[in-house]
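Since the structure of chain A is provided, determine the placement of chain B on it from the hints.
2 protein chains.
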Amino acid sequence: MITKNQVKYIQSLSHKKFRDEESLFVAEGPKIIAEFLAMPHMQAVEIYGTPEWWANEPAGRTAEWAKEISESELERISFLKSPNQVLGIFRKPDLSVVPGGWQLILDGISDPGNLGTLIRIADWFGVQQVICSADCADAFNPKVVQSTMASIGRVEIVYTNLVDYVRAHAHRNFYAAVLDGIPLKDVRQHGPSALVIGNESHGIRPELMKELNHPVTIPRHGSAESLNAAVAAGIILSHLVE
Amino acid sequence: MITKNQVKYIQSLSHKKFRDEESLFVAEGPKIIAEFLAMPHMQAVEIYGTPEWWANEPAGRTAEWAKEISESELERISFLKSPNQVLGIFRKPDLSVVPGGWQLILDGISDPGNLGTLIRIADWFGVQQVICSADCADAFNPKVVQSTMASIGRVEIVYTNLVDYVRAHAHRNFYAAVLDGIPLKDVRQHGPSALVIGNESHGIRPELMKELNHPVTIPRHGSAESLNAAVAAGIILSHLVE
Chain A
185 MITKNQVKYI QSLSHKKFRD EESLFVAEGP KIIAEFLAMP HMQAVEIYGT PEWWANEPAG
245 RTAEWAKEIS ESELERISFL KSPNQVLGIF RKPDLSVVPG GWQLILDGIS DPGNLGTLIR
305 IADWFGVQQV ICSADCADAF NPKVVQSTMA SIGRVEIVYT NLVDYVRAHA HRNFYAAVLD
365 GIPLKDVRQH GPSALVIGNE SHGIRPELMK ELNHPVTIPR HGSAESLNAA VAAGIILSHL
425 VE
Chain B
185 MITKNQVKYI QSLSHKKFRD EESLFVAEGP KIIAEFLAMP HMQAVEIYGT PEWWANEPAG
245 RTAEWAKEIS ESELERISFL KSPNQVLGIF RKPDLSVVPG GWQLILDGIS DPGNLGTLIR
305 IADWFGVQQV ICSADCADAF NPKVVQSTMA SIGRVEIVYT NLVDYVRAHA HRNFYAAVLD
365 GIPLKDVRQH GPSALVIGNE SHGIRPELMK ELNHPVTIPR HGSAESLNAA VAAGIILSHL
425 VE
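For the protein sequence lines, the chains are A and B, in the order given.
Numbered per our numbering, the first sequence spans residues 185 to 426.
Numbered per our numbering, the second sequence spans residues 185 to 426.
Don't read these hints as lab results, they were simulated from the structure.
Owing to the predicted nature of the structure, the values given are computational and were not obtained by experimental measurement.
Just to be clear, a hint being listed does not mean it is correct.
Pairs involving identical chains hold if they fit within one copy or between any two copies, as the list cannot separate such chains.
Claimed, not checked - Lysine-lysine pairs mimicking DSSO-like chemistry, simulated, CA-CA at most 30 Å apart:
1. K394 with K215
2. K265 with K369
3. K188 with K394
4. K201 with K369
5. K369 with K327
6. K251 with K394
7. K394 with K276
8. K394 with K265
9. K251 with K327
10. K265 with K201
11. K394 with K201
12. K276 with K215
13. K215 with K200
14. K200 with K369
Only chain A is shown next, with the shape it has when bound in the complex (with noise of 0.2 Å):
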């Protein structure tokens, strides 16, 4: 059974000022929930799964956060257009990451699909810090967690500003993912170093670009105008972590 009042609760937490004053978020379907049932520093307020997910999650019954739903009732909650047997309501994981590896550094990403994939692009690569400018997407956006599969949970998400940012560790090396740069593999590594990715269509700001010091540019062989950004961060990643 779900009240009125909870559902009107778990809509609010679409929006951004909602889910920053509770500090809480959504996630959806069997495979995230799970994901983050294991992690022991994520904490679960509320859990609303039909019959069908709670038939296979046999070990949360007795928790507190527990409650089972119809399929009906979880259309009316979930963000999702094809819900997925089972919606949690988090709270906002505290990761606090020592300062020291590699950083993935995002300038106005606005489509949550990208910025989801990117946060799962840093996972594998073990990026464990994604320093956002304040107009990215917002991280706990429904749409974002839902495409880092998990990864909202294990990489910690900043917001602030860029330039300052870069300014204040002036003494790091900041890769910068841009059109007319160093071939990929002729820029020499420097260790643990942070990964500047810009606007899908803009790029990187030019007030912060100046800031930079190591333009990267992954060579074309053929004639589409640009890649992806996720896509771009991913080769880069990986020609530079070691």
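This is chain B only, laid out in the frame that chain A set:
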């Protein structure tokens, strides 16, 4: 002005069956339309532009395919959430690629956005042919066309039975993106070859995998379970295409 019949005709092009029968497809937005119009082998059948589009595209004014429509008419025919100045109907390109270069082989890529991004990646790396299993999304689906960013006009797309295809080309080298293959940096280069990418959830089908001689893995440094199919393709091509 646009007639009811024209609206119906354009809407019917959202269906694969009709696109196949007519050998036509739809593209939208000034950027992709301008790129298509500049390709000598691309044939425009109709272009419906708003006054805003025509203001910047005076060259086409007298062309037989030229139509001016209002914003609200564009809204009626557009497949986009935010219609963008112009919609064009084009003949599917006839790109008869000379065999010998790199190929990208896609086994069950079902998401239109992923397929479009993969075609764009192929175009970036000079891969002129994408070979798709019959259950891949249709490359001329409007969503795929938009996410190729005009690369669909430069890359030949072939649908076929992949097991038969690979068996018929057994002298070639087929790299397969898998989670338990040879680490990418240890992979031997064999000159132009084919890269096989599997379905987003299930990977490459076992009956196809049996036929592939070079399993390749992108080393993982963190914890994400997998990489997005398009990101994996981009990373592997960036290491192997020379």
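- Going through the earlier hints one by one, which of them does the structure break, listed in rising order? Checked against the structure, the hints that fail are numbers 2, 3, 4, 5, 6, 7, 8, 11 and 14, while the rest are satisfied.
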